[in-house]
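Given chain A's structure and the hints, the job is docking chain B onto it.
Protein chains: 2
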Amino acid sequence: MRTLYHNWLSPHSRKVRIVLGEKKLAFDLEVEKTWERREGFLRLNPAGEVPVLVEANGTAISGSQVISEYLDESHPTPPLMGAGPLERAEVRRLCQWFDEKFDREVTVNLVGEKIMKRFLGLGSPDSTAIRAGKANINHHLAYIGYLVERRTWLAGDHLTLADITAAAHVSCVDYLGDVPWANFALAKDWYARIKSRPSFRSLLQDHIPGAPPPRHYQDLDF
Amino acid sequence: MRTLYHNWLSPHSRKVRIVLGEKKLAFDLEVEKTWERREGFLRLNPAGEVPVLVEANGTAISGSQVISEYLDESHPTPPLMGAGPLERAEVRRLCQWFDEKFDREVTVNLVGEKIMKRFLGLGSPDSTAIRAGKANINHHLAYIGYLVERRTWLAGDHLTLADITAAAHVSCVDYLGDVPWANFALAKDWYARIKSRPSFRSLLQDHIPGAPPPRHYQDLDF
Numbered sequence: 001m002r003t004l005y006h007n008w009l010s011p012h013s014r015k016v017r018i019v020l021g022e023k024k025l026a027f028d029l030e031v032e033k034t035w036e037r038r039e040g041f042l043r044l045n046p047a048g049e050v051p052v053l054v055e056a057n058g059t060a061i062s063g064s065q066v067i068s069e070y071l072d073e074s075h076p077t078p079p080l081m082g083a084g085p086l087e088r089a090e091v092r093r094l095c096q097w098f099d100e101k102f103d104r105e106v107t108v109n110l111v112g113e114k115i116m117k118r119f120l121g122l123g124s125p126d127s128t129a130i131r132a133g134k135a136n137i138n139h140h141l142a143y144i145g146y147l148v149e150r151r152t153w154l155a156g157d158h159l160t161l162a163d164i165t166a167a168a169h170v171s172c173v174d175y176l177g178d179v180p181w182a183n184f185a186l187a188k189d190w191y192a193r194i195k196s197r198p199s200f201r202s203l204l205q206d207h208i209p210g211a212p213p214p215r216h217y218q219d220l221d222f
Numbered sequence: 001m002r003t004l005y006h007n008w009l010s011p012h013s014r015k016v017r018i019v020l021g022e023k024k025l026a027f028d029l030e031v032e033k034t035w036e037r038r039e040g041f042l043r044l045n046p047a048g049e050v051p052v053l054v055e056a057n058g059t060a061i062s063g064s065q066v067i068s069e070y071l072d073e074s075h076p077t078p079p080l081m082g083a084g085p086l087e088r089a090e091v092r093r094l095c096q097w098f099d100e101k102f103d104r105e106v107t108v109n110l111v112g113e114k115i116m117k118r119f120l121g122l123g124s125p126d127s128t129a130i131r132a133g134k135a136n137i138n139h140h141l142a143y144i145g146y147l148v149e150r151r152t153w154l155a156g157d158h159l160t161l162a163d164i165t166a167a168a169h170v171s172c173v174d175y176l177g178d179v180p181w182a183n184f185a186l187a188k189d190w191y192a193r194i195k196s197r198p199s200f201r202s203l204l205q206d207h208i209p210g211a212p213p214p215r216h217y218q219d220l221d222f
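Chain order of the listed sequences is A and B.
Following full-length UniProt numbering from start to finish, the first sequence increments by one per residue and tops out at 222.
Following full-length UniProt numbering from start to finish, the second sequence increments by one per residue and tops out at 222.
So here's chain A without its partners, still in its complex pose (with noise of 0.2 Å):
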């Protein structure tokens, strides 16, 4: 069987757990305190940070784009990359957005404070990074709502690896309440399209002890 080493509010381990998903690829989860630098754990990936995804026969593979564009690779079916050179670019493009953009902008700003800054016991969370995050998340979901606009999913009309992406860290800030869904009707349409999915199960039932997420962070009709 394979394992996944992750973090509950990990955007790129959540990343991967949808790819598995969609791939209806079976798999172990095993939580990695990645901060207490574990010897094993570095043998897998000398960058110390989750994911990791560990094959039956031992292969290790590190990262968030790079085990999700192996597993396509490896197990074609469904597709998640979109065909042709540029088709692929343009679903790589926006995974990086939300891989790096979004993650530096609100993911880091939001999550880390309110939630990794706790569990670190790095004292409290820095309320202008707060507010930074709340401002910033405005401008990613109009940006969802002006792709969805002109085309069915993020990259284009099949669901690919960009929309899982943009998913995965929307679903974190979601996780804590911080996501203005009133305000953005496009975006909340598109995200209830993915919440909906089988693949995306598992993260609904995610709970971390003594930061229970809002009552409707689990709800398909929110």
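Simulated from the structure, these hints should not be mistaken for laboratory data.
Just to be clear, a hint being listed does not mean it is correct.
Pairs involving identical chains hold if they fit within one copy or between any two copies, as the list cannot separate such chains.
In the DSS-like style, the derived pairs of lysine-lysine whose C-alpha atoms are separated by at most 27 Å in a straight line are [said to hold, decoys possible]:
hint: 1; residue 1: K117; residue 2: K101
hint: 2; residue 1: K134; residue 2: K188
hint: 3; residue 1: K33; residue 2: K101
hint: 4; residue 1: K33; residue 2: K114
hint: 5; residue 1: K188; residue 2: K114
hint: 6; residue 1: K114; residue 2: K101
hint: 7; residue 1: K117; residue 2: K33
Chain B only, in chain A's frame:
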């Protein structure tokens, strides 16, 4: 003719210049002052970052990894991504290592502080950041040495995008004279091999007004 929008000491731009050179694809170079947030450029790449490649037919592709994979798919000779899902995963893991980890730990601290800050009139360099960058690069040079001791190139028996990505980052720091080559013979041997490739030549001729490179920067026998 295709056009590459770039900045001189952007390792991400340099990476694409080398890939275009390895693929023997002709291109025009356009310097983009991304900090001016020019409207025409933001239409090409809403993230506002270089590199952006614009094909002769007007198609724009953004981001160094995205452009590189696009070029490798549309111009497969010579192959730069490795053969098979596992080899490609290793190439991509190392690309990410240098594009994110090296960038954050070394490039931003050295090139960002010494060159970009001065360019943008953001005050004098932060000596703590520079000390951190100079300490961090040692680990990365040791890692390069560890890899090439076991393999011919970083990801295996052939030159791949992993080598190109690493060399693009290292070349920017080398322009500042901040690579401690004397202590890292294996990494130095690897860099000498890349530096002598025709695809690298134009990088060695870069010359930023007011910030000339050290004498050894262009020297193939450094």
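request  = Taking the numbered hints from earlier one at a time, note which ones the structure violates and give those numbers from smallest to largest.
outcome  = Violated: none.
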